[in-house]
Amino acid sequence: MSRGALLVLADGRFPAGGHAHSGGAEAAVKAGRVTGAAGLGEFCRGRLHTAGLVSAAVAAAAVLGADPGELDLAVDARTPSPALRVASRRLGRQLMRAARATWPSAELDALAREFPKGAHQPVVLGLVARSAGLGAEDAAYCAAYESVSGPASATVRLLSLDPFDATAVLARLAPELDLVADRAVEAGRRVLAEGVDELPCAAAPLLEIGAEAHAAWAVRLFAS
Amino acid sequence: MHLDHTHDGPAAVSADAHRPDGTHRALRIGLGGPVGSGKTATVAALCRALRDELSLAVVTNDIYTREDAEFLLRAAVLPPERITAVETGACPHTAIRDDISANLEAVEDLEDEVGPLDLILVESGGDNLTATFSKGLVDAQIFVIDVAGGDDIPRKGGPGVTTADLLVVNKTDLAPYVGSDLGRMAADAKAQRAELPVVFQSLRTEAGVGDVARWVRERLAAWTA
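In order, the protein sequences belong to chains A and B.
Quick note on numbering: the numbering used here labels position 201 of the first sequence as 201, and the sequence is numbered without any gaps.
Quick note on numbering: the numbering used here labels position 117 of the second sequence as 117, and the sequence is numbered without any gaps.
Be aware that a few hints might be false.
Simulated pairs of lysine to aspartate or glutamate, EDC-like, Cα-Cα distance not exceeding 16 Å [said to hold, decoys possible]:
id: 1; chain 1: A; residue 1: Lys-117; chain 2: B; residue 2: Asp-112
id: 2; chain 1: B; residue 1: Lys-190; chain 2: B; residue 2: Asp-165
id: 3; chain 1: B; residue 1: Lys-190; chain 2: B; residue 2: Asp-152
id: 4; chain 1: A; residue 1: Lys-117; chain 2: B; residue 2: Asp-181
id: 5; chain 1: A; residue 1: Lys-117; chain 2: B; residue 2: Asp-109
id: 6; chain 1: A; residue 1: Lys-30; chain 2: A; residue 2: Glu-198
id: 7; chain 1: B; residue 1: Lys-135; chain 2: B; residue 2: Asp-109
id: 8; chain 1: A; residue 1: Lys-30; chain 2: A; residue 2: Glu-212
id: 9; chain 1: B; residue 1: Lys-135; chain 2: B; residue 2: Asp-181
id: 10; chain 1: A; residue 1: Lys-117; chain 2: B; residue 2: Glu-113
id: 11; chain 1: B; residue 1: Lys-190; chain 2: B; residue 2: Asp-151
id: 12; chain 1: B; residue 1: Lys-156; chain 2: B; residue 2: Asp-173
It is worth saying that the hints were derived from the structure and are not from the lab.
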């Protein structure tokens, strides 16, 4: 692996469209479930161990060589909310665009041809990591970290939260990020041996319900 | 692994002048500027002026609503399938400059779905004087300010006023009512922009958007030449 490439891919400024998405934070703020740094911490912990774990495992499995089409179907099956499925594919397509300029590869071209409107973001992330010369653990870390960094930066904008407090929330979650990345890589290895049913299916119903409500709002700051 | 642009594929990467099927893509012109300066009104007037001679589409970047897209739809300046709204996550300048992926997706989808197109207008959400478009997203940009926002804006400069391919000073009909000195604005703009063009316009007069439409036609002629 190249630690430098990992930093480029994991950078919140990597231009893959994430800035327009709150990862469910906007719906949670509006519903009064997140009102400050403590609530953000709980929200991020919940997202990390559910959506974050699933995404990280999918990304790891993709790096290890699992079939992208099967992984894509598995993500569909683990994403009940149509709004979240749309958001995930849109982000996958945007990541694909950025990655084909930064780490072009025949494999990315093939995936773009198979999914012209976008494969699910964690599937694309896994293949992008491969193109960047990164490993399964790197991709799992990127997915797990994204699952909490997006909501944290969105909440800074939504609540005018002190940015130091929001970043401290992320720092406190680091040991759990390590744990989730480990579990995700193990799951990715099992997928290779036993098939995509080995992927975790940890779910956060409030994220799914919140996303559906959010998609129907007339006025919102974030796309999801 | 190699980092050159030799791979072919279904999606063009940002500024490439050709679409994946080899055809020339549409000219993309960005319109930016502060809130309320008349960007959407200028887009609407341009659509009315050009829609009979060109195949047109519009991408709007609203900050927290679909207000601008809906204004254009209500005004029926173009059929609804030719107007797309991009959501910007509270950061309109990010979506047109630092992370242009959602806007590129919107312009490509428009060309796929209603194309072939001659021209796509990309309207920024109202922002500040530093907001400019990435060259990866647009081929030329118009910065729209207005006389009621203060006649010192050209003097203050900033990337939008200084570097835009066309500076539009809008709502000149209001100048006497808000005490703005058009002569001073023109002199300051000249000092900031040297040879880059400036248009003073009022959409309430007969000339309307005529000068801007002429500039757009010239850009299009150069693009297709």
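Discussion item. Tell me if the straight-line CA distance from Lys-117(A) to Asp-181(B) falls inside 16 Å.
Written reply: With Cα atoms ~51 Å apart, Lys-117(A) and Asp-181(B) exceed 16 Å; violated.
Worksheet entry | Holds or violated: Lys-135(B) to Asp-109(B), with C-alpha atoms at most 16 Å apart | violated (19 Å)
Discussion item. Against the 16 Å threshold, does the CA-CA distance of Lys-117(A) and Glu-113(B) hold or violate the hint?
Written reply: holds (13 Å)
Worksheet item: Is Lys-30(A) close enough to Glu-198(A), meaning Cα to Cα at most 16 Å?
Response: violated (35 Å)
Worksheet item: Hey, Lys-156(B) versus Asp-173(B), does the alpha-carbon distance stay inside 16 Å?
Response: With Cα atoms ~22 Å apart, Lys-156(B) and Asp-173(B) exceed 16 Å; violated.
Worksheet item: Quick one, are Lys-117(A) and Asp-112(B) close enough, alpha carbons at most 16 Å?
Response: holds (11 Å)
Discussion item. Hint check: Lys-190(B) vs Asp-152(B), CA-CA at most 16 Å. Holds or violated?
Written reply: holds (13 Å)
Worksheet item: Is the hinted pair Lys-190(B) and Asp-151(B) satisfied, with a Cα-Cα distance of at most 16 Å?
Response: Holds - the C-alpha atoms of Asp-151(B) and Lys-190(B) are around 14 Å apart, at most 16 Å.
Discussion item. Next pair to validate is Lys-190(B) with Asp-165(B); report whether the Cα-Cα distance is within 16 Å.
Written reply: holds (13 Å)
Practice prompt. Sort out whether Glu-212(A) lies within 16 Å of Lys-30(A), counting only the CA atoms.
Written response: holds (13 Å)
Worksheet item: Does Asp-109(B) lie within 16 Å of Lys-117(A) when you go C-alpha to C-alpha?
Response: Roughly 9 Å separates the two Cα atoms, so the pair holds.
Worksheet item: Quick one, are Lys-135(B) and Asp-181(B) close enough, alpha carbons at most 16 Å?
Response: violated (33 Å)
Hint violations for this structure: numbers 4, 6, 7, 9 and 12, all remaining hints satisfied.
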